[in-house]
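Asker: Just so you know, the sequences run in chain order X and E. In this text, residue positions in the first sequence follow the numbering used here: the first is 1, and each later residue adds one. In this text, residue positions in the second sequence follow the numbering used here: the first is 1, and each later residue adds one.
Keep in mind the hints are simulated off the structure, nothing from the lab. Wrong hints could be hidden among the right ones.
[Claimed, not checked] DEER-style ranges, computed between Cβ atoms:
(1) 132/E x 320/X: 57 to 63 Å
(2) 189/X x 21/E: 54 to 60 Å
(3) 182/E x 249/X: 51 to 57 Å
[Unchecked claim] Heads up, simulated DSS-like pairs for lysine-lysine below, C-alpha to C-alpha not over 30 Å straight-line:
(4) 124/E x 76/X
(5) 244/E x 212/E
(6) 244/E x 76/X
(7) 124/X x 33/X
(8) 76/X x 124/X
(9) 212/E x 124/E
[Unchecked claim] Some, not all, of what chain X presents toward chain E, calculated at C-beta under 10 Å:
(10) 68
(11) 69
(12) 100
(13) 102
(14) 187
Where is the CB? At the ideal position from N, CA and C, for every residue including glycine.
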Amino acid sequence: MPAMTMVQAIQDALRIALREDPRVVLLGEDIGKAGGVFRVTEGLQAEFGEQRVVDTPLAENGIVGGAIGMAMYGLKPIAEIQFVDFIYPAFDQIVSEMAKLRWRSAGQYACPVVVRAPYGGGIKGGLYHSQSPEAYFCHTAGLTVVIPATPSDAKGLLLAALAGDDPVIFLEPKRLYRSTREDVAEGAFTVPLGRARVARSGEHCTVLAYGAMVPVAVEAAEAAGARGWSVEVVDLRTLAPLDTDAVLASVRRTGRVVILHEAPRTCGYGAELAALIAEQALTSLQAPVLRVTGYDTPFPYTLEHSYLPDAPRTLRAIEHAMTFA
Amino acid sequence: MTPPLRRCLDPDGRPVGPLPELARDDLRALFRHMVMMRMLDQRMLSLQRQGRIGFYGTATGQEAAVTGSAFALRPTDWVFPALREMGVSLWRGTTIREIVCQLIGNSGDVLLGRQMPCHFSDRKVLTVAWSSVIGTQLPHAMGAAWAARHLGHDVVCMGYLGDGASSSGDFHAAANFAGVFRLPLVFFCQNNQWAISVPLARQTASVSIAIKSVAYGFPGERVDGNDILAVIAATREAVARARKGDGPTLVEALTFRMGGHSSSDDPTRYRDAAQVAEWEWQDPLHRFRAWLTACGHVDAGDEARWTEEINAEIGAAIAEAEALPPPAIETMFADVYREMPRSLAEQMRYAIAVGEGTKFEGAFPL
Chain X
1 MPAMTMVQAI QDALRIALRE DPRVVLLGED IGKAGGVFRV TEGLQAEFGE QRVVDTPLAE
61 NGIVGGAIGM AMYGLKPIAE IQFVDFIYPA FDQIVSEMAK LRWRSAGQYA CPVVVRAPYG
121 GGIKGGLYHS QSPEAYFCHT AGLTVVIPAT PSDAKGLLLA ALAGDDPVIF LEPKRLYRST
181 REDVAEGAFT VPLGRARVAR SGEHCTVLAY GAMVPVAVEA AEAAGARGWS VEVVDLRTLA
241 PLDTDAVLAS VRRTGRVVIL HEAPRTCGYG AELAALIAEQ ALTSLQAPVL RVTGYDTPFP
301 YTLEHSYLPD APRTLRAIEH AMTFA
Chain E
1 MTPPLRRCLD PDGRPVGPLP ELARDDLRAL FRHMVMMRML DQRMLSLQRQ GRIGFYGTAT
61 GQEAAVTGSA FALRPTDWVF PALREMGVSL WRGTTIREIV CQLIGNSGDV LLGRQMPCHF
121 SDRKVLTVAW SSVIGTQLPH AMGAAWAARH LGHDVVCMGY LGDGASSSGD FHAAANFAGV
181 FRLPLVFFCQ NNQWAISVPL ARQTASVSIA IKSVAYGFPG ERVDGNDILA VIAATREAVA
241 RARKGDGPTL VEALTFRMGG HSSSDDPTRY RDAAQVAEWE WQDPLHRFRA WLTACGHVDA
301 GDEARWTEEI NAEIGAAIAE AEALPPPAIE TMFADVYREM PRSLAEQMRY AIAVGEGTKF
361 EGAFPL
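Same shape as in the complex, but just chain X (with noise of 0.2 Å):
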């Protein structure tokens, strides 16, 4: 197996893809020469044309809408938004349009668009280029979110995301992109939608993450190792919707949870997740449910390091889980 990191994985994802499915086209803003900014696509439009690998014009509600059409039409587009930070633009036709197509037309018109963009903080992107606004298309009815954490789940997820009949919002951690490689798979594969992974094993304490934040819970885990509390960490991977078995029978077990999210504390996903607890799991419970996220302000440039959860807040948060009396 080639070792690869999470931008070759997604780029080996949308190849196999563009391959072996001739409906599949990529449409995005510069995508094709350039490859995207982060290189994701780098050498498709060279391997399988102009037809399949389309620059656009800087419009995100025409790109998603066009995406759409394309997708009741019969084809399925893979839209690319640069950064998720410019999605906004197309978000009525995301949470109006594409998310409500099936339920709508009744079932006349399938919808099956994917949707990728990078998210998240840790590039010193500023404001325009560091949101998680995982929420917004959470809270939607009709929509997957999906975020991957590993190259291989990239590889994976995209691949299961491709294969379905449905609208997907892909949101990619960029701080991962090529912050680590591993050995991914040769050939189509799909790793389910819908299923968590448990990242790491543990007893004491739960810690649910997903995207950018799963090797930050995992090196807050290590050091709590140190203090000998043993710490889970469950990587939810998709969002919506939720496996809620692999949330509950970790929480079940341990007693303890803590949430990490790097997008705004208010109504993210984190007070999705402490609900769900305290709705089916408040007997396991023996400390509050917590969560360590970023803070309700824009995203800052010179300070996202302070803005952004890391292991030692993470520790601190588990430190409290352990010693709650």
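Let chain X serve as the given structure and place chain E on it in line with the hints.
Answerer: Just chain E now, kept in the frame of chain X:
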């Protein structure tokens, strides 16, 4: 320079320009369809006033623009209508009964009561529902046209809009993409002068809507939207251009919304009776009737007979539709996704239990 206004018949039905080639049977069918649209509007608005349907948007005064543009398409072409193009679906084969079921939102509704009245979509005639946000269907029309060409299909897409939608970002994006990629797409704008209470002058300082096409690199046409022959001539040319691979056209049909924006609107609050009167004498039915009668294609007996037939058909459709029950609760949960996620299935079980007043076995918060 804004394109000149194209007109075949004057308001009294006298030819003033070259007329399109049309078979007598088609002419009769077109007129009957316009009569049917007018009657359906009257009956449905009256049902709304009686509280038997929740909402209605008429196309009264715009029958020529709707019917003429629909006529220029093939059954295999795709249509992305806006609010006032229900007549396009009807022309292509949607039945009055299906429309009435949609307006009521009953279990016989193709859309299972999920959408407000007049937000119809019918795959069998290749129409896709518009959204109340306005203009959102235009990028879809653009994308579908793109897909059709990509797959090598001989298909043209028609994206309808009103004067209000010409201000929207989605119109701009769709027109810009369509121009860049030279897509087989026709933008058909029913410029009926009013977007709810906002007049055309507040939508644009441009001398026309058609002229906006220049900025997108494709032709624009202005046509008298109350003159069905002119609408057919202009739309046919635009569709033929798209079919040939010569790219999009923006057709602006000048017409007038004789009624309110919808059954919820009172236009006397914001517009002059004098303006309405000015358009009354340009009525599209009157104009077409006068010409057809002068040519001997239609006589008074035809219209009387059609009126009777249509009345009976609408009456039967209402009776049948009103006898149908509302959709079952579980229909609300279907089609959110192709496969229902377990969390949604749980909510559905709960909703059914609550609806039936039975005890729900499961986690409490549901």
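Asker: None of the hints should be skipped; say for each whether it holds.
Answerer: Results of checking the hints against the structure:
| no. | hint | verdict |
| --- | --- | --- |
| 1 | 132/E x 320/X: 57 to 63 Å | violated (48 Å) |
| 2 | 189/X x 21/E: 54 to 60 Å | holds (59 Å) |
| 3 | 182/E x 249/X: 51 to 57 Å | holds (55 Å) |
| 4 | 124/E x 76/X | holds (22 Å) |
| 5 | 244/E x 212/E | holds (22 Å) |
| 6 | 244/E x 76/X | holds (25 Å) |
| 7 | 124/X x 33/X | holds (25 Å) |
| 8 | 76/X x 124/X | violated (34 Å) |
| 9 | 212/E x 124/E | violated (33 Å) |
| 10 | 68 | holds (5 Å) |
| 11 | 69 | holds (2 Å) |
| 12 | 100 | holds (8 Å) |
| 13 | 102 | holds (5 Å) |
| 14 | 187 | violated (25 Å) |
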